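If you're matching them up, the sequences are chains A, B, C and D in order.
Everything in the first sequence is counted per our numbering, starting at 1 for the first residue and increasing by one.
Everything in the second sequence is counted per our numbering, starting at 1 for the first residue and increasing by one.
Everything in the third sequence is counted per our numbering, starting at 1 for the first residue and increasing by one.
Everything in the fourth sequence is counted per our numbering, starting at 1 for the first residue and increasing by one.
Calculated directly from the structure, the hints in this document are not laboratory data.
A hint or two may mislead.
The list treats identical chains as one, so a pair stands whether inside a single copy or across any two.
Below, a list of computed lysine to any residue pairs in the SDA-like style, where the Cα atoms sit at most 25 angstroms apart [to be verified]:
| hint | residue 1 | residue 2 |
| --- | --- | --- |
| 1 | Lys253 | Gly276 |
| 2 | Lys253 | Gly191 |
| 3 | Lys253 | Ala137 |
| 4 | Lys14 | Glu26 |
As the structure is a prediction and not an experimental result, all values here were calculated from the model.
4 protein chains.
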Amino acid sequence: MQQVSLAQLNSATKAEFIAALGDIFEHSPWVPEVAAADRPFATLAALYASLKTALLRAGEDRQLAVITAHPDLAGKAARAGTLTPESTAEQTSAGLDRLSEAEYTTFHRFNEAYKARFGFPFIICVRRHTKDSILRALERRAKSNAASERATALTEILRIVALRLDQRVRAPDRLAVHGRLSTHVLDNYSGRPGEGIALELFELSESDERRLITRAVTNDDGRTEAPLIAGRPVPIGAYELRFAIGDYYARTKAELADPPFLDVVPIRFAVAEPEGHYHVPLLCTPWSYTTYRGS
Amino acid sequence: MQQVSLAQLNSATKAEFIAALGDIFEHSPWVPEVAAADRPFATLAALYASLKTALLRAGEDRQLAVITAHPDLAGKAARAGTLTPESTAEQTSAGLDRLSEAEYTTFHRFNEAYKARFGFPFIICVRRHTKDSILRALERRAKSNAASERATALTEILRIVALRLDQRVRAPDRLAVHGRLSTHVLDNYSGRPGEGIALELFELSESDERRLITRAVTNDDGRTEAPLIAGRPVPIGAYELRFAIGDYYARTKAELADPPFLDVVPIRFAVAEPEGHYHVPLLCTPWSYTTYRGS
Amino acid sequence: MQQVSLAQLNSATKAEFIAALGDIFEHSPWVPEVAAADRPFATLAALYASLKTALLRAGEDRQLAVITAHPDLAGKAARAGTLTPESTAEQTSAGLDRLSEAEYTTFHRFNEAYKARFGFPFIICVRRHTKDSILRALERRAKSNAASERATALTEILRIVALRLDQRVRAPDRLAVHGRLSTHVLDNYSGRPGEGIALELFELSESDERRLITRAVTNDDGRTEAPLIAGRPVPIGAYELRFAIGDYYARTKAELADPPFLDVVPIRFAVAEPEGHYHVPLLCTPWSYTTYRGS
Amino acid sequence: MQQVSLAQLNSATKAEFIAALGDIFEHSPWVPEVAAADRPFATLAALYASLKTALLRAGEDRQLAVITAHPDLAGKAARAGTLTPESTAEQTSAGLDRLSEAEYTTFHRFNEAYKARFGFPFIICVRRHTKDSILRALERRAKSNAASERATALTEILRIVALRLDQRVRAPDRLAVHGRLSTHVLDNYSGRPGEGIALELFELSESDERRLITRAVTNDDGRTEAPLIAGRPVPIGAYELRFAIGDYYARTKAELADPPFLDVVPIRFAVAEPEGHYHVPLLCTPWSYTTYRGS
Numbered sequence: 001m002q003q004v005s006l007a008q009l010n011s012a013t014k015a016e017f018i019a020a021l022g023d024i025f026e027h028s029p030w031v032p033e034v035a036a037a038d039r040p041f042a043t044l045a046a047l048y049a050s051l052k053t054a055l056l057r058a059g060e061d062r063q064l065a066v067i068t069a070h071p072d073l074a075g076k077a078a079r080a081g082t083l084t085p086e087s088t089a090e091q092t093s094a095g096l097d098r099l100s101e102a103e104y105t106t107f108h109r110f111n112e113a114y115k116a117r118f119g120f121p122f123i124i125c126v127r128r129h130t131k132d133s134i135l136r137a138l139e140r141r142a143k144s145n146a147a148s149e150r151a152t153a154l155t156e157i158l159r160i161v162a163l164r165l166d167q168r169v170r171a172p173d174r175l176a177v178h179g180r181l182s183t184h185v186l187d188n189y190s191g192r193p194g195e196g197i198a199l200e201l202f203e204l205s206e207s208d209e210r211r212l213i214t215r216a217v218t219n220d221d222g223r224t225e226a227p228l229i230a231g232r233p234v235p236i237g238a239y240e241l242r243f244a245i246g247d248y249y250a251r252t253k254a255e256l257a258d259p260p261f262l263d264v265v266p267i268r269f270a271v272a273e274p275e276g277h278y279h280v281p282l283l284c285t286p287w288s289y290t291t292y293r294g295s
Numbered sequence: 001m002q003q004v005s006l007a008q009l010n011s012a013t014k015a016e017f018i019a020a021l022g023d024i025f026e027h028s029p030w031v032p033e034v035a036a037a038d039r040p041f042a043t044l045a046a047l048y049a050s051l052k053t054a055l056l057r058a059g060e061d062r063q064l065a066v067i068t069a070h071p072d073l074a075g076k077a078a079r080a081g082t083l084t085p086e087s088t089a090e091q092t093s094a095g096l097d098r099l100s101e102a103e104y105t106t107f108h109r110f111n112e113a114y115k116a117r118f119g120f121p122f123i124i125c126v127r128r129h130t131k132d133s134i135l136r137a138l139e140r141r142a143k144s145n146a147a148s149e150r151a152t153a154l155t156e157i158l159r160i161v162a163l164r165l166d167q168r169v170r171a172p173d174r175l176a177v178h179g180r181l182s183t184h185v186l187d188n189y190s191g192r193p194g195e196g197i198a199l200e201l202f203e204l205s206e207s208d209e210r211r212l213i214t215r216a217v218t219n220d221d222g223r224t225e226a227p228l229i230a231g232r233p234v235p236i237g238a239y240e241l242r243f244a245i246g247d248y249y250a251r252t253k254a255e256l257a258d259p260p261f262l263d264v265v266p267i268r269f270a271v272a273e274p275e276g277h278y279h280v281p282l283l284c285t286p287w288s289y290t291t292y293r294g295s
Numbered sequence: 001m002q003q004v005s006l007a008q009l010n011s012a013t014k015a016e017f018i019a020a021l022g023d024i025f026e027h028s029p030w031v032p033e034v035a036a037a038d039r040p041f042a043t044l045a046a047l048y049a050s051l052k053t054a055l056l057r058a059g060e061d062r063q064l065a066v067i068t069a070h071p072d073l074a075g076k077a078a079r080a081g082t083l084t085p086e087s088t089a090e091q092t093s094a095g096l097d098r099l100s101e102a103e104y105t106t107f108h109r110f111n112e113a114y115k116a117r118f119g120f121p122f123i124i125c126v127r128r129h130t131k132d133s134i135l136r137a138l139e140r141r142a143k144s145n146a147a148s149e150r151a152t153a154l155t156e157i158l159r160i161v162a163l164r165l166d167q168r169v170r171a172p173d174r175l176a177v178h179g180r181l182s183t184h185v186l187d188n189y190s191g192r193p194g195e196g197i198a199l200e201l202f203e204l205s206e207s208d209e210r211r212l213i214t215r216a217v218t219n220d221d222g223r224t225e226a227p228l229i230a231g232r233p234v235p236i237g238a239y240e241l242r243f244a245i246g247d248y249y250a251r252t253k254a255e256l257a258d259p260p261f262l263d264v265v266p267i268r269f270a271v272a273e274p275e276g277h278y279h280v281p282l283l284c285t286p287w288s289y290t291t292y293r294g295s
Numbered sequence: 001m002q003q004v005s006l007a008q009l010n011s012a013t014k015a016e017f018i019a020a021l022g023d024i025f026e027h028s029p030w031v032p033e034v035a036a037a038d039r040p041f042a043t044l045a046a047l048y049a050s051l052k053t054a055l056l057r058a059g060e061d062r063q064l065a066v067i068t069a070h071p072d073l074a075g076k077a078a079r080a081g082t083l084t085p086e087s088t089a090e091q092t093s094a095g096l097d098r099l100s101e102a103e104y105t106t107f108h109r110f111n112e113a114y115k116a117r118f119g120f121p122f123i124i125c126v127r128r129h130t131k132d133s134i135l136r137a138l139e140r141r142a143k144s145n146a147a148s149e150r151a152t153a154l155t156e157i158l159r160i161v162a163l164r165l166d167q168r169v170r171a172p173d174r175l176a177v178h179g180r181l182s183t184h185v186l187d188n189y190s191g192r193p194g195e196g197i198a199l200e201l202f203e204l205s206e207s208d209e210r211r212l213i214t215r216a217v218t219n220d221d222g223r224t225e226a227p228l229i230a231g232r233p234v235p236i237g238a239y240e241l242r243f244a245i246g247d248y249y250a251r252t253k254a255e256l257a258d259p260p261f262l263d264v265v266p267i268r269f270a271v272a273e274p275e276g277h278y279h280v281p282l283l284c285t286p287w288s289y290t291t292y293r294g295s
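Extracted from the complex, chain A is given alone in its bound form (with noise of 0.2 angstroms):
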């Protein structure tokens, strides 16, 4: 996927536009080329405005038909290998081509009573989730009735589209599709930083297995250097951040009991909001800590 810049965009012809933007919306090429007329853009926030209108302001059937271009999630289609290149690395984000064979059958399943429901299929912006939180709004939705599942299939889209033009196109704004989890380990034994903890934030599912999200060591402000997660939604789910303080207190001279009473702090908490700021700190001594949604 290359990137172009909204200027090029703005001054491209309209076959070029299309080129650079027809795959925006699944298999829709007319939703940018209704949007082009209302070049120039002066932000990104412009000409996502103009393909939203585009979708919104289209007949049913034309928004019908955007829709029901979609692939099934965790599909035949995303087993085969056809899916579009997007597609691909959508379902990848939330592990949808990791499925055991079970879970594909459950996905299978409740995609096909889905769609026998609604007659178009179960549409959802994977990149804002992960594999617990979309089986969650499949049961969820599967209860919905067709014209409120339409409405929320075009948010879904929407949002999809969001998030391609944020990786896609080059611009001074930026789209408010971002989330981004941080942390800081505050050492109340030494009124300082805690400095040199290393740390692990896992994604859980809810059979309660764990997947390394990533690895970290505190800075001398306490922090670590980058955002845990940023630069992308927070997927919907439930994580755990580990804390090495029994490693880090073993290193300064505290006085510790054998074994120390606190070793491995876990903390599990839940992302609800993919484009929230979540903030998890950390306040420790040897024998207590405290931990908060902070700011």
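Position chains B, C and D relative to chain A; hints supplied.
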């Protein structure tokens, strides 16, 4: 194992006394026989002190005989079912009857190396330990010297004896052989004790396996009806307490995220003093929590 | 005021009964006279219930007579020393005997306005209040209506009666008229209770004056030997607890700044339920602290 | 006092240079005169280093002359208004112009005793101090010896000089002479920053008087728009931060007691390093709070 009162022991014939306490030291009825002459005992502590003096004033040969009368930990006798009933119960308490084949081999190898080096079996008061802490002690003590290990073996034998006395003899006083593990949930969101919160206590192995010790629900004072562990030593090792505060707050009118930021809160801590009182409270809101070693 | 046992009251003649309890209601011996017929009372609660019923079932005129039999709060009778002994003690408890001339004038003005509006004096159970909370209640209730104020006056009279019974009658049960204020210091730096920490409890006025209620030093469990307030209502009002943790840490080997970051830690809180249990703990290190309403 | 740029100082004639910086050392233009020869200075740090070297390499007599050129702290010259403008501003910063007659007498007595013992006036960089910390330093240093006090006087003079340079010379770099005091309120009840919370910062004297330093209201990130103290040293001394969280929670839908358990939360702390960064956050609910030295 039948209980006997201190008064009965005081008024018993010497033969009856030995019949009651002859197996307090492993295969060494001579120790209680010596102590019998100190009767009457005003307290259980006095009886214990008399037994301790009898052992420590005996010659090195008799002490060594007591030491070598002990079976291997997790050894062939345990497998063959030829341990004394008390040894069997003790080894079971630390899970030594549930060893995998690999663990059995490790124990066997360590025991043999220890015996080859020191000429007597590795002795430890297993009721004060978990499988992991026994293995760590074995590794550490295998590097010690014979004089120090003989002294340590006598210390551990006296700990075993104190626990056996505690279980067998009813007396006005208690030996200081019990620890306690308790918890308390304070809901800082409502300013009240956290009532009706389900919690679980697990023992953790170094390989991160968890073994459920107990389940409880907090009462209207935020405490469990009984301590999580009491009336026995709290085995040296790692533990995890899990508090289902997500369910608790879902039952109140608290405004929560979906999924809630905090659901099941895990607290990991280690016990270093089996006779200590470990109070591990949780102060929580839907967005924060604090834990510490309390009192 | 002499104590009497419930058994004595049950076996007393009617005249003796009235002699013992005749002044339980201010200048209204007819109320205990009615209740005397309900004897014997199994519990103090039953005696109280009988007195309450006698008052509430009486006609409006008799109730109003009881109400108007009460003296002004902080009024001329108090100054002149012509109150009943119990009224004197009660008004003293809230500091109404220590009013400045300006405060006396304020009370006088409020009382007169209240009486002019409702035709009876302002009644409040002063043992449950501080000077400030009485004034706030006076301001609020002065805007109420007569029916509501008559009902409130009866409620307050019954509170006064319950406290008088609690002090005067020995019985197997206690009325729920006592609150409690307690504290506990946990040293999260050492993982132990904070022992030997000097603390002071002040009552705060709205004008930020502080009046010392009690001093104490924490024991080896981090608690004070007795609750800071017990055996009586905790007056509605604002309080400040001050913990001298700087001196405490200076006695330990903790590494401190000079001057120490934390020295005397003040905790300000208010009591709203005089019969409630207020536990206000402090979790501290030389660099941090936490407080909360505990249990 | 007029600002001058480092470039101007570099290109100035020697006379101009001395005109600009001649009073950087109290009545001692010879120090900048020596330093003038080291021009050009790439940085303010280099200029400061040159001045420092000029002072420290001078003979003891010249150093002593610089020391004795300083006025008494809070002395007659201050009262008579005959101090240099910079000394006046400095003494004012620590409140030495607002002494009571008793305090003036104490300072006078201490100063005279100090001068009688050492032969030169007591010198301290008052911008780094409060009245109380100056008095404590005076008491402590009065017991020192002459050699050590001469060295301390030079250190303090160089601190004064660094602060004067910082105010007077515009340069690409800054000397490390500024501290910072900041705060942050996290509402653990709602999981959001505490917005719109009024707070006050007081300086506390040892006699518990408070002097208002600044007022602020937290913004939508729970912080104040500017640090509470910045761009100058944070004077060594005791402070109280007061957060009006009662008013804050009264504006939300939180269920509160009446009066609320927590209303104005006072946090007392002391500053020991004037160039340090003091971050003093508050984590709160209507029923609990936590504070700590953050970063």
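These are the hints, each one checked on the structure:
For the identical chains of this complex, lysine 253 and glycine 276 are inter-copy neighbours only, at 23 angstroms across copies versus 39 angstroms inside a copy, given an alpha-carbon limit of 25 angstroms. For the identical chains of this complex, lysine 253 and glycine 191 are neighbours both inside a copy (14 angstroms) and across copies (15 angstroms), given an alpha-carbon limit of 25 angstroms. Only between protomers do lysine 253 and alanine 137 lie at most 25 angstroms apart by alpha-carbon distance; the minimum there is 24 angstroms, versus 50 angstroms within a single protomer. Proximity of lysine 14 and glutamate 26 under a CA criterion of 25 angstroms is satisfied intra-copy only: 19 angstroms inside one chain copy versus 75 angstroms between copies.
Consistency note: the structure conflicts with none of the earlier hints.
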